[in-house]
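Novice: This is what each chain is made of:
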Amino acid sequence: MLNIQSYQKSYGHHLVLEIKNLQLSHGIYWIKGENGSGKSTLFKSIAGILSFSGSISFASFNLKKQPVAFRKLVNYTEAEPQFPLHLSLKDLIHYMAKAKKASKLQQEELIETFAVQHYMHQPFRTYSSGMLKKSGLLLAFLGFAQLILLDEPFITIDQNAMMNLTQLIIDYHKNGSLFLVASHVENKEMQLPFSQKFLIKDAQMHEED
Amino acid sequence: MVKMLALPFYRAHAVFLVLVYLIAFGFLRNTEHIAIATYFSANTYMLLLLMLLWLVYYVRTVFYCRALITQSDNFYWLQQLVLFGRLRQVAWLSFAQFTINLPIVIYSIFIAVQGMILKHWDNVLLIFIFNIIVIFVPVIFYLRVIKGVIPEENVSKLGNWFALKWAKSRALWFPLYMLHYKPLPLLMSKLLSGFIIITTFQLYFTDAYDWRFLAIGIFIAFYLSSILAYNYLQFETEQMSILLNVPLGLLQRSFQQLISLFLITLPEYLIIVHYWPLEGNFMFLLQFLFFGLSTLWMLHQLMWHINFNLKKLSAHDFLVFVFVIILILFSVPVFVFIMLFFTYSLWINFRWYRFL
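As they're listed, the protein sequences go chains A and B. Each residue of the first sequence is one higher than the one before, counting from 709 in my numbering. Each residue of the second sequence is one higher than the one before, counting from 7 in my numbering.
What the hints contain is simulated information worked out from the structure, not anything from laboratory work. Cβ atoms here follow ideal geometry from the backbone N, Cα and C, with glycine treated the same way. Don't take every hint at face value.
Short, incomplete list of chain B residues facing chain A, as computed with Cβ under 7 Å [what the hints assert, rightly or not]:
{"id": "1", "residue": "His186"}
{"id": "2", "residue": "Lys188"}
{"id": "3", "residue": "Leu190"}
{"id": "4", "residue": "Thr212"}
{"id": "5", "residue": "Tyr215"}
{"id": "6", "residue": "Gly255"}
{"id": "7", "residue": "Leu257"}
{"id": "8", "residue": "Arg360"}
Pulled a few chain B residues facing chain A out of the computed Cβ check, cut under 8 Å [unchecked claim]:
{"id": "9", "residue": "Ala173"}
{"id": "10", "residue": "Lys174"}
{"id": "11", "residue": "Ala177"}
{"id": "12", "residue": "Leu182"}
{"id": "13", "residue": "Met246"}
{"id": "14", "residue": "Ser247"}
{"id": "15", "residue": "Leu250"}
{"id": "16", "residue": "Val252"}
{"id": "17", "residue": "Trp353"}
{"id": "18", "residue": "Asn355"}
{"id": "19", "residue": "Tyr359"}
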């Protein structure tokens, strides 16, 4: 279960997001909100990339008290992933797989699902935005992540990759992963069985019907 | 190429060039010009000094052309250029650079003619070689810049072969990043620190200096490499923010940082070992090597600690700098600093993942 208590994130004096108390059990959650509403900020905080005040814990691990154990369970991909241009996806898979304890089999399956085998050894400077997006998504599924944060996962990727991604989310969810998906895309295209929807507006998170 | 590089250069620097022309030809008579040129052609040291002055102009032209090449407006032309063979690319770029160099080329020919009259053939040859270098070195540089701008041009066959066989180790990511994208700051920092270390070690024998002199020299050399620590932190947090999501323990993270910093300062360690003045004192040498590494790691952590705030950084930086130098002068042993810097870095690294 994801547990967020007294969460606050401000940039300077500008409060971006405040969550007093939020508990999410196993499911797929859709986070909506206008551009700049704070979706990515929330995801980055949960992923341990951005500092915040308050408490975030998942499966009895607190991000600030057990930072390594927490990060083992949480994976994240950005809306527009940026990687150092001289590295390749292969370099990142090699490193992340070791850190996240991903098996060789899982790596190969993900490489095939996202169809990156033909260019994964080439430097990122030669990638298109769709290729970069797929790279980010692939890395988000590596290891034994129980909480996967996907920021705009359905933009810039082709139809085939969209279908594969939907299936992957459903499969991982069946195996016990909790998903937070931030997306502007209609669910007609995503076709995901969302447990609940949330709207971030005026620095607050509201439950949607 | 002349239209793309040379004409914009002359347009942008028209006022400066006219001013130089007026100063050079407005005040001096023909006989005075010949006298000056004869003087330079007869004196190799003065000629070298003049070439050093010309280099300022050439550096300016290279920076200007690099800015033009990386401008998005010129992307289409560059894409056309890379369709031609390398020889033709070199020829066109060389002609453009020659056109840019023309004011100095003309004047250097004038000096060379005086040298020929007086039969100073070595200086004439020097002028000839100099003019060749200042055309081809910029051209090699431009070709590298073009490679960076056109992604498809930027994959070498050898690099591709390596990438197919092996993945790059995490420790190499940052050193390769600096080599690829920030070679100038890297080179400058290496030249500066190398110069300080060698000078310190050479001066050590000129008077009754003790280990404190060496310690101060190494501390300053690594302190001035803080640009590397700054770039490393930027690389980790901005270029690859996803690294902050990687579940690595304190020691693993620290080890990775130390390995990367060690690799990026490898030339300094080689210089220290090669020029080490206290022969046979291996433990002392080892201490000094760790002193350099711990200094750089401490700076890296300090920058994280104060959250990239450059105003704060310079204040903290200066305080630490003065404080450490004073303590060394008071004979505080080097290993104390190593322990201090390592403890501080571990502490900050511990807080890093916990947002404390």
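Novice: The structure should be examined with respect to each hint, and the outcome stated for every one.
Specialist: Results of checking the hints against the structure:
no. : hint   : in the structure
1   : His186 : holds, 5 Å
2   : Lys188 : violated, 11 Å
3   : Leu190 : violated, 16 Å
4   : Thr212 : violated, 44 Å
5   : Tyr215 : violated, 43 Å
6   : Gly255 : holds, 5 Å
7   : Leu257 : violated, 11 Å
8   : Arg360 : holds, 5 Å
9   : Ala173 : holds, 4 Å
10  : Lys174 : holds, 5 Å
11  : Ala177 : violated, 10 Å
12  : Leu182 : holds, 6 Å
13  : Met246 : holds, 6 Å
14  : Ser247 : holds, 5 Å
15  : Leu250 : holds, 5 Å
16  : Val252 : holds, 5 Å
17  : Trp353 : violated, 15 Å
18  : Asn355 : violated, 11 Å
19  : Tyr359 : holds, 4 Å
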